[in-house]
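Trainee: Just need the whole structure built from these sequences, with the hints factored in.
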Amino acid sequence: ACLLPAPKGTSCANYARCVNQILQDLSNMQLWLRISLVVPDDDSMDANSATLVDSWETWNSFRLLCEHHSQLSVALDILSSLPSANSLGRWFGESVRAAIVNTDSFLTNGRGYPCLSKRHQMLITRFFNHNIQVLSEFETSSMQIIISGNSGNPKASVDANDFHNRSVADSQRHPLRLYLDYVGHLYQKMDPLPEQERFELGYRDYLQSPLQPLMDNLEARTYETFEKDAMKYIQ
Numbered sequence: 004a005c006l007l008p009a010p011k012g013t014s015c016a017n018y019a020r021c022v023n024q025i026l027q028d029l030s031n032m033q034l035w036l037r038i039s040l041v042v043p044d045d046d047s048m049d050a051n052s053a054t055l056v057d058s059w060e061t062w063n064s065f066r067l068l069c070e071h072h073s074q075l076s077v078a079l080d081i082l083s084s085l086p087s088a089n090s091l092g093r094w095f096g097e098s099v100r101a102a103i104v105n106t107d108s109f110l111t112n113g114r115g116y117p118c119l120s121k122r123h124q125m126l127i128t129r130f131f132n133h134n135i136q137v138l139s140e141f142e143t144s145s146m147q148i149i150i151s152g153n154s155g156n157p158k159a160s161v162d163a164n165d166f167h168n169r170s171v172a173d174s175q176r177h178p179l180r181l182y183l184d185y186v187g188h189l190y191q192k193m194d195p196l197p198e199q200e201r202f203e204l205g206y207r208d209y210l211q212s213p214l215q216p217l218m219d220n221l222e223a224r225t226y227e228t229f230e231k232d233a234m235k236y237i238q
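According to this note's numbering, the sequence shown is numbered sequentially starting from 4.
I should point out that these hints are in silico values taken from the structure, not numbers from a laboratory.
Virtual Cβ for every residue (Gly too), placed ideally from N, Cα, C.
Mixed in with the good hints, there may be bad ones.
Stated by the list, open to error - List of simulated lysine to aspartate or glutamate pairs, EDC-like, C-alpha gap at most 20 angstroms:
{"hint": "1", "residue 1": "K121", "residue 2": "D194"}
{"hint": "2", "residue 1": "K192", "residue 2": "D208"}
{"hint": "3", "residue 1": "K231", "residue 2": "D208"}
{"hint": "4", "residue 1": "K11", "residue 2": "D57"}
{"hint": "5", "residue 1": "K121", "residue 2": "D184"}
{"hint": "6", "residue 1": "K231", "residue 2": "E198"}
{"hint": "7", "residue 1": "K231", "residue 2": "E203"}
{"hint": "8", "residue 1": "K231", "residue 2": "E200"}
{"hint": "9", "residue 1": "K192", "residue 2": "D232"}
Stated by the list, open to error - The following label-pair restraints were derived from C-beta to C-beta distances:
{"hint": "10", "residue 1": "G12", "residue 2": "N220", "range": "55 to 63 angstroms"}
{"hint": "11", "residue 1": "H71", "residue 2": "P195", "range": "33 to 41 angstroms"}
{"hint": "12", "residue 1": "Q27", "residue 2": "E198", "range": "42 to 50 angstroms"}
{"hint": "13", "residue 1": "M32", "residue 2": "Y206", "range": "24 to 32 angstroms"}
Mentor: Structure follows, in structure tokens:
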């Protein structure tokens, strides 16, 4: 996949037109558009205002201009501020492929280690449940580092498991080690999915064609699937 920079401002028609032209010639590559969960309101009359607006409308306009192309997805930037629960819920109906957590989103606990607020923890856990990659980001004036757990290029990113195999001295020098360990801790302490959700995992993002048992000749395993539907026997 190729990570695209975020649109500047709410007007992105020309940017979307260029991306749409590129998409027409792509065959095997995904494009991930970087979008912040919240962005400053540039139209605010108060120059000192810290008003934040939901960026879902920007994404919606962008993908409409790209004709809902199947190879265009989202990489969400997670900052220190989060929108409302309803705004967050809309993103789980979109083709989100990655969540980039900036180090500015982290707090410091009593022992001096990075941690996330309860809302951020719940959000990251939901991303894990939806098989969305969670990346960590560290910025300085001269560089930007993004660490992904399943990148095939070790020079561009550092595998999460590789941290535990390196020497202590080398790992301590990496600025993202503590942040990555904390995100890994959130994943490790997740509760296992219930049996019903595990059964439905492969069908989560697909519309199922309605079947007619009294009209169609169905296989025995299809009927078995019907019997596993918990809602079927709820009055």
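Trainee: With reference to the structure, classify each hint as holding or not holding.
Mentor: Now for the hints, and whether the structure bears them out:
no.: 1; hint: K121 to D194; verdict: holds, 16 angstroms
no.: 2; hint: K192 to D208; verdict: violated, 25 angstroms
no.: 3; hint: K231 to D208; verdict: holds, 19 angstroms
no.: 4; hint: K11 to D57; verdict: holds, 14 angstroms
no.: 5; hint: K121 to D184; verdict: holds, 17 angstroms
no.: 6; hint: K231 to E198; verdict: holds, 10 angstroms
no.: 7; hint: K231 to E203; verdict: holds, 10 angstroms
no.: 8; hint: K231 to E200; verdict: holds, 11 angstroms
no.: 9; hint: K192 to D232; verdict: violated, 28 angstroms
no.: 10; hint: G12 to N220: 55 to 63 angstroms; verdict: holds, 57 angstroms
no.: 11; hint: H71 to P195: 33 to 41 angstroms; verdict: holds, 35 angstroms
no.: 12; hint: Q27 to E198: 42 to 50 angstroms; verdict: holds, 43 angstroms
no.: 13; hint: M32 to Y206: 24 to 32 angstroms; verdict: holds, 26 angstroms
Hint compliance for this structure: hints 2 and 9 are not met, and every other hint is.
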